[in-house]
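Each chain, letter by letter, is given below.
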Amino acid sequence: MTSTALLMMVITEVIITAVTFYFFWKVLITPPRKEPDSYSENDDEKR
Amino acid sequence: MSKESWGTRVGLVLAMAGNAVGLGNFLRFPVQAIQNGGGAFIIPYLVCFLLMGIPLLWVEWSMGRFGGKHGHHSTPFILDSMDKRKFWKYIGVFGIFTNLAVAAYYCYLESWTLSWVWHSISRTFSGQTQEQVAAVFGQYVSLSSWEPIVFWIICLLLNTWILSKGLSGGVEIASKIGMPLLILFGAVLAYLAITMKAGDHGAINAGSVGLNFLWDPDFSSIWTAKVWLAAAGQIFFTLSVGMGSIQCYASYVKSKDDIALNAMSAGWMNEFVEVVLGSSIIIPIAVGYLGIDKVVEMTQSGGLGLGFKTLPYLFEQWGPTLAVICGVFWFGLLFFAGITSSLAMGTPCMGFMMDEFKWKRERSAWAFGAAILVLGLPTVLFFNEGVFDEYDYWAGTVSLVVFAMVEIILFAWVFGMDKGWKEINAGSDMKVPTVFRFIIKYITPVILLYVFISNIPGIVNKISNSDIKTQLAAATDETVITQLNEQMFYGNVARIILLLVWLGVAYLVYVAYKKRMREGRFTS
Chain A
43 MTSTALLMMV ITEVIITAVT FYFFWKVLIT PPRKEPDSYS ENDDEKR
Chain B
2 MSKESWGTRV GLVLAMAGNA VGLGNFLRFP VQAIQNGGGA FIIPYLVCFL
52 LMGIPLLWVE WSMGRFGGKH GHHSTPFILD SMDKRKFWKY IGVFGIFTNL
102 AVAAYYCYLE SWTLSWVWHS ISRTFSGQTQ EQVAAVFGQY VSLSSWEPIV
152 FWIICLLLNT WILSKGLSGG VEIASKIGMP LLILFGAVLA YLAITMKAGD
202 HGAINAGSVG LNFLWDPDFS SIWTAKVWLA AAGQIFFTLS VGMGSIQCYA
252 SYVKSKDDIA LNAMSAGWMN EFVEVVLGSS IIIPIAVGYL GIDKVVEMTQ
302 SGGLGLGFKT LPYLFEQWGP TLAVICGVFW FGLLFFAGIT SSLAMGTPCM
352 GFMMDEFKWK RERSAWAFGA AILVLGLPTV LFFNEGVFDE YDYWAGTVSL
402 VVFAMVEIIL FAWVFGMDKG WKEINAGSDM KVPTVFRFII KYITPVILLY
452 VFISNIPGIV NKISNSDIKT QLAAATDETV ITQLNEQMFY GNVARIILLL
502 VWLGVAYLVY VAYKKRMREG RFTS
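From first to last, the protein sequence lines stand for chains A and B.
Quick note: the first sequence uses my numbering, first residue 43, plus one each step.
Quick note: the second sequence uses my numbering, first residue 2, plus one each step.
Simulated from the structure, these hints should not be mistaken for laboratory data.
Being a predicted model, the structure only gives us computed values, none of them experimental.
Some hints could be false.
As the list claims (entries may be wrong) - Using 25 Å as the maximum straight-line C-alpha spacing, the simulated DMTMM-like pairs for lysine to aspartate or glutamate come out as follows: (1) B:K361 - A:E55; (2) B:K463 - B:D430; (3) B:K70 - B:D419; (4) B:K85 - A:E55; (5) A:K68 - B:D258; (6) B:K310 - B:D294; (7) B:K70 - A:E55; (8) B:K361 - A:E83; (9) B:K255 - A:D85; (10) B:K4 - A:D86; (11) B:K255 - B:E363; (12) B:K166 - A:E55; (13) B:K4 - A:E55; (14) B:K470 - A:E55; (15) A:K76 - B:D430; (16) B:K85 - B:D294; (17) B:K4 - A:D85; (18) B:K255 - A:E55; (19) B:K85 - A:D79; (20) B:K420 - B:D258; (21) B:K257 - A:E55; (22) A:K76 - A:E55; (23) B:K4 - A:D79; (24) B:K70 - B:D430; (25) B:K4 - B:E298; (26) B:K423 - A:E55; (27) B:K198 - A:E55; (28) B:K198 - B:E298; (29) B:K198 - B:D258; (30) B:K442 - B:D419; (31) B:K423 - B:D294.
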């Protein structure tokens with residue numbers, strides 16, 4: 043691969059992968075809101 | 002109020018990502034990149050994602066959640082609830098029409114992937130030449146046996162059955178299974194493609210040659226309007242914006258819950274699948290075996306040919322075990338990409354029937370399945386006559402652009418940015434950059450207007466059949482003349498069918514509106 047092509051690919055893929063994982067990780071770690079919320083699986087949890 | 006709900010937040014994000022991730026991520030994106038400046042294409046592509054994709058995602062999520070607050074789960078009455086003028090609900094018709102019409106041909110496409118999984122397992126392509134593998138596809142779409150119909154019906158039944166199980170019990174479970182498997186299959190195939198060496202199993206080039214071909218930037222291309230239009234078009238279609246399905250999924254989110262972070266997570270997940278995985282499979286493998294010139298020639302007719310006619314042959318070069326594994330992974334990946342999108346097309350139609358006519362979920366799902374069966378039949382029976390492409394052009398291209406352009410004007414200028422900005426930020430788990438307030442109000446509508454205006458010559462050409470008429474004028478062979486006349490006839494019939502579907506949905510919206518008035522359920 044030429045160095046420009048390699049650089050283009052690596053920079054793009056690293057940025058996109060990092061941003062994707064950052065947002066998904068934020069979704070995972072954000073604590074759920076107080077019930078009643080939009081999601082039914084935690085409905086039995088203590089309100 | 003509706004009893005439907007999402008089971009988990011992750012399930013909602015995966016379902017939204019699954020809605021966006023489709024066959025185009027793997028078949029369309031790499032071809033677009035090659036044809037529009039290679040690695041340099043990523044610059045206009047990401048700029049369009051920031052200026053058009055992300056704003057549209059936030060707008061559609063917030064419109065959906067706003068409509069859901071008023072008990073609306075489909076675009077006619079979501080749009081209606083945003084302004085006092087009565088015509089908005091008829092603009093919202095696009096949000097049901099598009100889903101019906103796209104699902105009609107998309108389920109057929111999805112059924113090919115299921116069938117090719119079966120052919121990979123049963124070793125149909127073993128020992129065949131590239132031409133023979135391509136001929137299998139030609140015979141398949143020419144309906145030389147009952148197989149395409151059988152797989153299509155299986156696909157329709159599967160979609161309908163999952164939809165009948167509801168959001169958390171059906172769509173969400175399918176997404177929780179489909180999306181991780183899709184990423185796993187994609188990662189395995191990308192690894193095999195990238196690490197491919199010249200000389201291994203008859204490959205003439207290493208995987209890196211294909212990657213270089215795709216990523217080598219031609220920076221002069223970014224100064225041409227064509228490349229920007231291609232980038233805007235790709236962002237548009239990859240995110241499934243302008244369809245009405247995002248609004249429907251988001252309408253089951255309560256106003257105190259986040260949409261801004263969810264939208265970002267689902268949107269970027271789609272980008273990951275498209276850019277990181279989508280660019281690392283089909284082109285490196287194809288260039289590895291066929292060389293750059295042949296791949297350039299093949300990409301002129303889009304990615305479908307490469308995906309279905311060429312890749313099975315190339316997998317065969319890796320030996321029987323890997324041929325089966327890679328065939329199952331590749332077509333399985335395309336199947337999961339397809340089904341998570343087609344399920345999203347069912348929910349707005351079902352939501353409308355459940356909200357307005359108090360239909361039960363199962364009845365709505367089966368009615369959707371029946372509608373897709375009837376509407377999709379012409380695309381199956383007359384695929385070679387161009388009905389499939391006609392549906393794709395009008396429902397999968399024009400309709401999306403029109404609807405997105407009008408909805409952003411409604412959101413930013415009629416509903417108003419003050420209220421709109423509050424909606425986007427309500428319950429938000431992230432800080433939405435203030436610059437997006439300006440972008441949503443000025444930049445995104447201008448880009449969409451530009452995309453729409455650029456499409457007008459194509460629309461006029463299509464309606465007047467000018468391309469076919471030019472070919473007819475030049476044709477001397479009787480067979481070619483008959484074929485072109487048939488193509489024109491079936492093209493016109495397809496357009497009439499689509500127009501009747503739009504009018505039919507508009508009539509249902511009118512009936513629903515009258516029913517609401519009689520029951521004293523005011524809409525806006």
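Task: Violations among the numbered hints, reported as their numbers in ascending order - done: Violated hints (numbers, rising): 1, 2, 4, 7, 12, 13, 14, 16, 18, 19, 21, 22, 25, 26, 29 and 31; every other hint is consistent with the structure.
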